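The listed protein sequences derive, respectively, from chains A and B.
Per the working numbering, the first sequence starts with residue 1, numbered consecutively.
Per the working numbering, the second sequence starts with residue 1, numbered consecutively.
No lab work stands behind these hints: they were computed from the structure.
Do not rely on the hints blindly, as some may be mistaken.
Note that identical chains are pooled: a pair holds if it fits in a single copy or bridges any two copies.
What the hints assert, rightly or not - Derived DSBU-like pairs (lysine-lysine); straight-line CA-CA distance at most 35 Å:
| id | residue 1 | residue 2 |
| --- | --- | --- |
| 1 | 94 | 73 |
| 2 | 87 | 122 |
| 3 | 122 | 73 |
| 4 | 94 | 122 |
In this text the structure is predicted, and so the values were computed from the model without any measurement.
Residue strings, one per chain:
Number of protein chains: 2
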Amino acid sequence: MAPLTGEPMPEPHRIILLAHGSSDARWCETFERLAAPTVASVPGARIAYMELADPSLEAMIEEGVWEGSRAFKVVPLFLAAGRHLRKDVPAMIKALEEAHGVHITLTPPIGENPQLGEAIRKVVEQELAD
Amino acid sequence: MAPLTGEPMPEPHRIILLAHGSSDARWCETFERLAAPTVASVPGARIAYMELADPSLEAMIEEGVWEGSRAFKVVPLFLAAGRHLRKDVPAMIKALEEAHGVHITLTPPIGENPQLGEAIRKVVEQELAD
Chain A
1 MAPLTGEPMP EPHRIILLAH GSSDARWCET FERLAAPTVA SVPGARIAYM ELADPSLEAM
61 IEEGVWEGSR AFKVVPLFLA AGRHLRKDVP AMIKALEEAH GVHITLTPPI GENPQLGEAI
121 RKVVEQELAD
Chain B
1 MAPLTGEPMP EPHRIILLAH GSSDARWCET FERLAAPTVA SVPGARIAYM ELADPSLEAM
61 IEEGVWEGSR AFKVVPLFLA AGRHLRKDVP AMIKALEEAH GVHITLTPPI GENPQLGEAI
121 RKVVEQELAD
């Protein structure tokens, strides 16, 4: 039910799925397929790449700002955190927040969520059944 | 029901979950947690690392041979295939097959299975609910 007050609904965070990026188009196609269920079901969700592929994280923040978003959650499509997620991406995010006047939250990499371990178990069970 | 013939059951493939490896213990701990549901539910399943961490793929093949396995499936804990999975790992596997007289199948990386895209969607839905 819609709220009865006249206040605007708080804007949800816009989701950006962040992959590393590669000059290999096949690599990026795999990530686009990985992102597809989220992009199809979460309004405004997009994929972006750290480097070596388009669209960039900055391009997707700019698109979100243009469409009215001021708060973003960047969800790394990485199985574990290395130097990129501990240093490079936080620095990119700080610069983007300052440049665009937005709030950007960096979530843990997807591999730290137990959903991923369960998905791996299902993949293995399919491989054993084949 | 057990088969009534006296023939031995075909030995199932032993599963090895192959991660890249890192000198950062936190990185490896994330992969061990990712592997845990599979290791807990699939008899003989193990994690191994390509490089920079133990146990190595060779050590896990040797363990399997010692325990009676002659056929292995290596399931890459990679979201997409790059140079490692197209070149380096197939070469490692060929050398291990020759050295140990075993059959090793390299499956596609986990990120090419639709289960992973569904898991990512669930992770994002959890992030939006927080």
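We went through each hint and held it up to the structure:
Within a single copy, residue 94 and residue 73 get their C-alpha atoms as close as 13 Å, which meets the 35 Å cut-off; across copies the closest is 43 Å, which misses it. Proximity of residue 87 and residue 122 under a CA criterion of 35 Å is satisfied in both settings, with 33 Å inside one chain copy and 26 Å between copies. Taking identical chains as interchangeable, the C-alpha atoms of residue 122 and residue 73 lie at most 35 Å apart whether they share a chain (28 Å) or sit on different chains (15 Å). Only between protomers do residue 94 and residue 122 lie at most 35 Å apart by alpha-carbon distance; the minimum there is 27 Å, versus 37 Å within a single protomer.
When each numbered hint is compared with the structure, no violation occurs for any of them.
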